[in-house]
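Chemist: Here the structure of chain A is known, so what remains is to put chains B, C and D in place on it, guided by the hints.
4 protein chains.
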Amino acid sequence: MKGHNPDTRMEPWRTSIVDAGPAHIRVRGHDVLDLMKEATFTDLIFLLHHNRLPSIDERRLFDAILIGVADHGAGAPSCAAARLAASGNRQSLSAAVAAGVLTIGDEHGGAGSGCMDLIADGVGRVRRDGIPPATAAGVLVDEAIASGSRLPGFGHRVHSNEDPRVAVLFGLAERSGLAGDGVRFARALEDALAERVAPIPLNIDGALAAILVDLGFPSMVGKLLFIVGRVAGLSAEVLEEYTREKPMRITIPVTYDGVAARVRQEQE
Amino acid sequence: MKGHNPDTRMEPWRTSIVDAGPAHIRVRGHDVLDLMKEATFTDLIFLLHHNRLPSIDERRLFDAILIGVADHGAGAPSCAAARLAASGNRQSLSAAVAAGVLTIGDEHGGAGSGCMDLIADGVGRVRRDGIPPATAAGVLVDEAIASGSRLPGFGHRVHSNEDPRVAVLFGLAERSGLAGDGVRFARALEDALAERVAPIPLNIDGALAAILVDLGFPSMVGKLLFIVGRVAGLSAEVLEEYTREKPMRITIPVTYDGVAARVRQEQE
Amino acid sequence: MKGHNPDTRMEPWRTSIVDAGPAHIRVRGHDVLDLMKEATFTDLIFLLHHNRLPSIDERRLFDAILIGVADHGAGAPSCAAARLAASGNRQSLSAAVAAGVLTIGDEHGGAGSGCMDLIADGVGRVRRDGIPPATAAGVLVDEAIASGSRLPGFGHRVHSNEDPRVAVLFGLAERSGLAGDGVRFARALEDALAERVAPIPLNIDGALAAILVDLGFPSMVGKLLFIVGRVAGLSAEVLEEYTREKPMRITIPVTYDGVAARVRQEQE
Amino acid sequence: MKGHNPDTRMEPWRTSIVDAGPAHIRVRGHDVLDLMKEATFTDLIFLLHHNRLPSIDERRLFDAILIGVADHGAGAPSCAAARLAASGNRQSLSAAVAAGVLTIGDEHGGAGSGCMDLIADGVGRVRRDGIPPATAAGVLVDEAIASGSRLPGFGHRVHSNEDPRVAVLFGLAERSGLAGDGVRFARALEDALAERVAPIPLNIDGALAAILVDLGFPSMVGKLLFIVGRVAGLSAEVLEEYTREKPMRITIPVTYDGVAARVRQEQE
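Protein chains in written order, with numbering that gives the first Met the number 0: chain A, 0 to 267; chain B, 0 to 267; chain C, 0 to 267; chain D, 0 to 267.
Watch out, some of these pointers could steer you wrong.
Not the full set, but computed from the structure, chain C residues with beta-carbon under 7 Å of chain A [unchecked claim]:
hint	residue
1	Thr14
2	Ser15
3	Ser54
With beta-carbon atoms standing in for the labels, derived distance ranges [stated by the list, open to error]:
hint	chain 1	residue 1	chain 2	residue 2	range
4	A	Ile144	C	Arg126	27 to 33 Å
5	D	Ile144	B	Glu244	55 to 61 Å
6	C	Asp56	A	Arg248	41 to 47 Å
7	D	Arg156	C	Gly176	57 to 63 Å
8	A	Arg174	C	Ala260	31 to 37 Å
9	B	Asn50	A	Asp33	51 to 57 Å
10	D	Met247	C	Arg126	32 to 38 Å
11	D	Ser54	A	Asp33	20 to 26 Å
12	D	Ile144	B	Arg174	49 to 55 Å
FYI, nobody ran anything at the bench for these hints, they're computed from the structure.
We put the CB at the ideal spot given by N, CA and C, even for glycine.
The shape of chain A in the complex, shown without the other chains (with noise of 0.2 Å):
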């Protein structure tokens, strides 16, 4: 009866992360104490997530990818539940915090991760079968339209004719020479989806998700690297609804379209 019996004691966990001792810390091998002198939050950030530090291009462009997303106004859905968790429980920062970050999935953040899959389906077709990125994009936006589907990382709410951010994105991209086949397919995506459906463009998540396959990493990061930029945002309207505003200050108007009232039969 592995594992069950109540006198087990539990096995360590391994990790290849931090290695933490009374007088050492390390990350993947670096001396935290000297990475606390000279490096950047945004070295460490890519140092968790890569095992080895950032080129000083690729960490430019971790730096853009994070502020890109760090907040995007206090009505997003993430800002919005941080805030209406800070307005209804004042005993926890983290727990507002972590209502912003629950908000945060494929629609709302996390659109980076599937477009990363896209684009490496994408590029893999290119390499796999040689042929043009162009062939490659019309087959999967072809199959996005016979499935119903939406491609991840096109079109936003706000920014419908153009995500601004994009364009400095891949111009640091291009500029530094580490613009790839990622950042080749996501544009070849973008023209097959305006030629056979309509104009729209690349979002956010689906910039920094070709920037990410061009350094290598793998899909998951393009959500979690959204939620880790998102939440310098959240805390800060956090904050701000802790100094500024009242507890309880929000209530949603509702209209009520269900049943009507029932009444009851009186009971003998």
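Modeler: Just chains B, C and D now, with coordinates in the frame of chain A:
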């Protein structure tokens, strides 16, 4: 260097709640199979928090409390946060329910704990100092006025004249003979408040607090029981959001009132 | 620029669950005051998710399900996460309960949803194709074998021979006449699995799935009902952690197996 | 019945942090596109919480703080809770990160806020009463002894002799001239504690608290900055759990020490 040696295995945790093995599951000594056949979920909630099953009258009070707090409309902070999370993150039902739970604190849904402490304080003064409840209640209200704090468990945003659930709860407690010093002192506080400040009636949190004091629960249960009841409502709200509404339907309107756009000096 | 004008006020949300105003609270048309006096919390849970009150037999099944999933010991992932959060964060009971809820997904506690989809698929094939349940079950098991996936709702880490809660649930369903195609098909899957792979018995998630299919619930309820029941246990686990244990008592032992400490080149 | 009329539309929320529209996103007046090109993520974190960009030395201190708190091993409560959630719930990366965040409170990672209040209290006494820091520190330590409370920001489970990150942080603050009354008073508290109780050195939370006081931040930032930094580590821990470990690998061993199994009386 006890506890930090990477070779150390973890000792088992201890618990007095559930004993589970391959052939048995017992909750506070009761076979869960028997409970499944004969008890109600409300019995189990009582048992989990009190180490014995409730009487019929105690069960009625618990049912009334749990029903009374389960849902107060989609716009209540906890329900609204759950819906925001469901709207942005369609990956995880538990994430949406959890976002709703996180909104619960002293200001929203959790005042029962503070009110239980307040009532226990008052009842203690009555017993210890041999003063009438009205006197002790007056002292506590004066102290709250002096410190500029509000009495937890009194007043409601929607039910400003009277929270109709209070009379039901207290009626059930009176009729079954379970109402005791807690319920009496809660009413004394209501009178003292009306006399010294304004008519600010008990709300559902205050009523459940009074009853939980009389049933012998620790004050943390004031908040926990609200959470257990409200999760039933959060679950239904999340289900409705998933089944009736599109992802990302929610945008909270925002007005910016911060510093103006900064004009950048051109750099040479 | 619809919806993004900062002057726009937000339209009310719609809901068919609760209608609350200053003088009334109705859940799906039922006056909450009546429910508090006469219904059980389990009735309300059924009503919130199904738009009508349960029969006596349906209520019994719901009670049995909610009791069966409420707690499985302090070391279950959801309970352990709630205790870890309670150990590190003593500010917020709701934060600890929420951390437990977040641990629930397809792998822990949430297999009921996947199993409901599976059973509905199988029952649909039986009806549509006019094949016996055993044949349809065999096809589904073969498909799972071919795709290398596991059947949700079968097998349990602790109850590897048999989950004793299953017989109780199915017994109640049989005796009340509520067991239907869902329960029958779940048993057919169990047989097909035993024949083709190994005896991997239904677990509690699988049993509740079969019953919820027969009661006419959508598959999301498989996960949600587990959450509603488990929160009762999480609440008790958190209460025990606060009252019996010191903060920060928990350290998980870890072995580092990553890259070795990096020796720094001295810089001139 | 203001605010509860179902026809009421919600007024916009106000914010001074982000102004976002179709063609612009500004953070505290700064164009986010400029920030993406030129600023670091650490600059942005400072800006979000302080309404201006940091100096080079302030940025160095923020980087050192964020790096210092980002991760302390997979077994730290926040990291362990994130891994438990990732192990049980494979649907949602954000759920796992959020479970880790929820573990952060006064006891784990959040002592910085309490320590900032303590230091601000002490520095205020020094200025107001014209007493030396050592005297004020002694008074505060005596008060803590009298009330049986511990000083937040002192002592560490692993680094019991000395937290090596403290010297690095204070060294950076001293060399840049940013160390002020806050850092001095934290050291005075350490001395008073050693003299009156035992050598209980400052930990990383205490060191960041002293520095944040000197940089002019409100005390909530002590906790929030820990959260922002730790989320980078939580993200990496969750990624490792998903990529290296199987779902549901974690079972915490438990010993039951509650009431014995109850023998049921047979019912006629």
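Chemist: Each of the hints needs a verdict: does it hold here or not?
Modeler: Quick rundown of the hints versus the structure:
Annotation: interface hint on C:Thr14 holds; nearest CB of chain A at approximately 6 Å, less than 7 Å. With a cut of 7 Å, the hint placing C:Ser15 at the interface with chain A holds, because the nearest CB-to-CB distance is about 3 Å. Given the 7 Å rule on beta carbons, the hint for C:Ser54 is violated: about 17 Å separates it from the nearest Cβ of chain A. Taking the beta carbon of each, A:Ile144 and C:Arg126 are about 32 Å apart, inside 27 to 33 Å as hinted.
Checked against the hint of 55 to 61 Å, the pair D:Ile144 and B:Glu244 passes, with Cβ atoms roughly 56 Å apart. At roughly 46 Å, the beta-carbon separation of C:Asp56 and A:Arg248 lies within the given 41 to 47 Å, and the hint holds. As the Cβ distance of D:Arg156 to C:Gly176 is approximately 58 Å, the hint placing it in 57 to 63 Å holds. One distance hint, 31 to 37 Å for the beta-carbon pair A:Arg174 and C:Ala260, holds here, with the actual separation near 36 Å.
Distance hint check for B:Asn50 and A:Asp33: the Cβ-Cβ separation is about 54 Å, which falls inside the suggested range of 51 to 57 Å. For D:Met247 and C:Arg126, the hinted distance range of 32 to 38 Å is satisfied, since their beta carbons lie about 34 Å from each other. Take D:Ser54 and A:Asp33: their Cβ atoms lie about 23 Å apart, and the range 20 to 26 Å holds. Distance hint for D:Ile144 and B:Arg174: a CB-CB separation of about 52 Å, consistent with the stated range 49 to 55 Å.
Of the numbered hints listed earlier, the single one contradicted by the structure is hint 3.
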